[in-house]
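Engineer: With the hints as constraints, model all of the structure from the sequences given.
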Amino acid sequence: MNKPAKQQQGQNNKKKPRTAITPTREEDFAEWYQQVVKSADFAENSPTRGCMIIKPYGWAIWEKCQEIFDKWLKDYGVENASFPLLIPMSFFSREAEHVEGFAKECAVVTHHRLESDGKGGLQPAEDAKLEEPYVVRPTSETIIGDAMSRWIQSYRDLPMQLNQWAQVLRWEMRTRLFLRTAEFFWHEGHNAFEDHKGADDDCLHVMGLYEKFFTEHLAFDGFVGVKTPEETFPGANRTYAFEAMMQDGKALQAATTHDLGTTFAKTFNITYQGRDEKEHLCHTTSWAFSTRTIGGLIMMHADDDGMIMPPRIAPQQIIILPIVKEDTAEAVQAFCAKLTKDLKAKGFRVKFDNRDMRTPDKMWDAVKKGVPIRVEIGAREMEEGQLTYVRRDIGRESKTTLAVEEFVDKAEGILDDIHDTMLARTRKFRDENTHDVTSIDEIEAFFKAEKIGFLRAPVAILEDDKLEAVMKEYSLSTRNMPNADKGEKVLIAKAY
RNA sequence: CGGAGUGUAGCGCAGCCUGGUAGCGCACUCGCCUGGGGGGCGAGGGGUCGGAGGUUCAAGUCCUCUCACUCCGACCA
15 MNKPAKQQQG QNNKKKPRTA ITPTREEDFA EWYQQVVKSA DFAENSPTRG CMIIKPYGWA
75 IWEKCQEIFD KWLKDYGVEN ASFPLLIPMS FFSREAEHVE GFAKECAVVT HHRLESDGKG
135 GLQPAEDAKL EEPYVVRPTS ETIIGDAMSR WIQSYRDLPM QLNQWAQVLR WEMRTRLFLR
195 TAEFFWHEGH NAFEDHKGAD DDCLHVMGLY EKFFTEHLAF DGFVGVKTPE ETFPGANRTY
255 AFEAMMQDGK ALQAATTHDL GTTFAKTFNI TYQGRDEKEH LCHTTSWAFS TRTIGGLIMM
315 HADDDGMIMP PRIAPQQIII LPIVKEDTAE AVQAFCAKLT KDLKAKGFRV KFDNRDMRTP
375 DKMWDAVKKG VPIRVEIGAR EMEEGQLTYV RRDIGRESKT TLAVEEFVDK AEGILDDIHD
435 TMLARTRKFR DENTHDVTSI DEIEAFFKAE KIGFLRAPVA ILEDDKLEAV MKEYSLSTRN
495 MPNADKGEKV LIAKAY
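Quick note on my numbering: the first sequence kicks off at 15 and runs consecutively.
You may find that some hints are simply not true.
[As the list claims (entries may be wrong)] Simulated pairs of lysine-lysine, DSSO-like, Cα-Cα distance not exceeding 30 Å:
id: 1; residue 1: Lys264; residue 2: Lys508
id: 2; residue 1: Lys280; residue 2: Lys211
id: 3; residue 1: Lys465; residue 2: Lys480
id: 4; residue 1: Lys226; residue 2: Lys500
id: 5; residue 1: Lys211; residue 2: Lys88
id: 6; residue 1: Lys413; residue 2: Lys376
id: 7; residue 1: Lys442; residue 2: Lys465
id: 8; residue 1: Lys339; residue 2: Lys355
[Claimed, not checked] Simulated DEER-style distance windows between Cβ atoms:
id: 9; residue 1: Thr229; residue 2: Thr414; range: 24 to 34 Å
id: 10; residue 1: Arg372; residue 2: Lys85; range: 32 to 42 Å
id: 11; residue 1: Ser453; residue 2: Asp209; range: 34 to 44 Å
Source of the hints: derived by calculation from the structure; they are not laboratory data.
All values derive from a computational prediction rather than experimental measurement.
Note that beta-carbon positions come from the ideal geometry of N, C-alpha and C, so glycine has one too.
Structural biologist: Shown next, in the form of structure tokens:
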């Protein structure tokens with residue numbers, strides 16, 4: 015990775031078609047990623063340091079994620095609520111381990127009024143200094159824990175299952191659109207149970223939902239497992255994580271569930287009177303996935319022509335391009351409009367791109383945005399009652415012409431097939447780039463040779479003193495101990 | 001907080017060494033030809049050169065100060 019961009023256009027291979035994104039993944043993965051985000055019109059940097067502006071097409075993806083997952087949570091019994099953005103600092107400082115994990119990246123609100131600085135600007139008013147500063151939430155365990163302590167009295171109040179869709183702020187040193195931003199959007203579930211089993215079942219159940227969501231809607235798979243102690247959430251007993259492999263072989267933690275044990279119950283006094291009439295500590299959990307997942311979608315699926323959207327969360331599943339010539343324009347447009355209506359009536363998310371632009375530009379726009387199916391209709395097709403479509407996941411070789419009614423009938427199947435193809439592709443990549451190793455020498459040799467992917471080693475390797483040096487040398491981290499290996503193996507990789 | 005850079009049109013950059021009318025590509029606007037994988041010709045609009053001060057007849061260019069951002073390190077969903 016990170017090789018300088020090569021100019022190979024000129025001499026030898028003129029045949030190689032120009033890619034929509036430069037540089038290519040091979041040339042410079044990090045820069046390629048930024049360009050995909052820009053070209054797809056997902057988001058851009060904002061005047062606010064570390065915070066991004068998520069543009070309508072990018073936000074539509076997040077809305078889709080919310081729509082689907084929110085329903086699943088409700089089916090599971092979770093209720094949505096909303097807790098304050100600002101958390102009293104004293105709440106935060108109460109849980110020592112939690113503080114240690116987050117203190118370094120917290121923004122703090124210290125004043126409640128601005129005044130003129132006498133130089134045409136503004137400054138916080140000295141006499142408006144807050145007695146107790148507020149922390150902009152980096153996560154909400156503390157303030158929700160405090161609420162739960164008041165809401166839970168009896169075992170009859172349990173389990174208590176709460177969730178909020180919100181944004182949080184973590185003052186990151188280096189940021190990258192979607193992957194690491196100071197402000198990010200997520201959902202955070204906070205649940206309380208009578209005992210450890212309730213909490214652990216909850217963690218596993220929700221992780222199951224994440225896994226289902228990622229595979230069935232986002233078309234990518236990963237490794238579900240338990241985090242090593244060093245990587246466990248501050249204050250948690252155990253963290254389960256879904257680790258996905260990006261196209262550059264690096265890991266992305268796409269979702270986590272935390273068994274918080276009684277840590278927060280102790281600190282915030284979350285107790286209940288049990289059937290035995292005695293007071294007990296609750297076992298709490300928290301879990302989340304964030305807008306970071308959109309970054310994962312990109313690094314998982316996009317190619318050198320830009321984004322490829324998994325059909326089930328694609329804001330636009332089908333885009334219809336009219337191929338207009340002056341004399342037939344009106345008729346073709348009407349024909350397209352009717353098809354758009356018919357497809358919408360069947361529940362597809364369709365866009366009729368009737369903008370006043372040149373056709374090739376519209377095509378590339380659809381390609382870069384990753385619209386799963388592009389339909390083209392010109393006077394030729396119209397006369398025959400046909401249309402031509404191209405699958406984004408395959409490209410121009412998939413160009414097919416068929417009768418309009420037939421397409422309307424088959425569209426769902428095509429979208430499903432695109433989904434299956436994309437999922438299979440990412441699974442194949444993941445499997446081909448996950449290797450079993452047994453020694454630290456093998457780990458070192460692998461990364462020294464600049465190979466990419468995950469290494470799966472016996473957990474005993476964590477005890478070896480020499481591991482740390484190698485991990486540091488190659489910027490490696492332990493990802494998780496996969497459930498599929500019964501916790502006997504640990505995954506080691508570079509990560510985002 | 002260490003180390004290295006960059007601020008000139010919406011975006012990407014040249015111009016600075018050697019001071020002398022503000023440039024290029026893309027994007028944008030208008031017209032015509034085009035239109036099934038980024039097309040052509042022509043005509044336009046758009047700038048407090050990051051900010052402040054200084055040297056000079058003259059500063060984007062030289063000097064001083066300042067602000068902002070980016071990259072590389074340590075930390076992280």
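Engineer: Taking the hints in turn, state whether each one holds.
Structural biologist: To see whether the hints hold, each was checked on the structure:
Proximity of Lys264 to Lys508 is assessed by CA-CA distance (about 5 Å); at most 30 Å being required, the pair is judged to hold. The straight-line distance between the Cα atoms of Lys280 and Lys211 is roughly 18 Å, inside the 30 Å bound, and the hint therefore holds. Our distance criterion of 30 Å between C-alpha atoms is met by Lys465 and Lys480, whose separation comes to about 21 Å. Of the pairs offered as hints, the one joining Lys226 and Lys500 holds, with about 20 Å between alpha carbons and a cut-off of 30 Å not exceeded.
Taken as a hint, the Lys211 and Lys88 pair is honoured in the structure, with Cα atoms around 21 Å apart against an allowance of 30 Å. Between Lys413 and Lys376, the direct Cα distance comes to roughly 17 Å. Compliance with the 30 Å bound is thereby established for this hinted pair. Of the supplied pair hints, the one linking Lys442 and Lys465 holds, its CA atoms being roughly 17 Å apart against a limit of 30 Å. Annotation: proposed proximity of Lys339 to Lys355 holds, straight-line Cα distance about 22 Å (limit 30 Å).
Between Thr229 and Thr414 the beta carbons are some 27 Å apart, a value that agrees with the proposed interval 24 to 34 Å. The hint said 32 to 42 Å for the Cβ distance between Arg372 and Lys85, and at roughly 41 Å that hint holds. Between Ser453 and Asp209, the C-beta spacing of about 41 Å keeps the proposed range 34 to 44 Å intact.
The structure agrees with every numbered hint stated previously.
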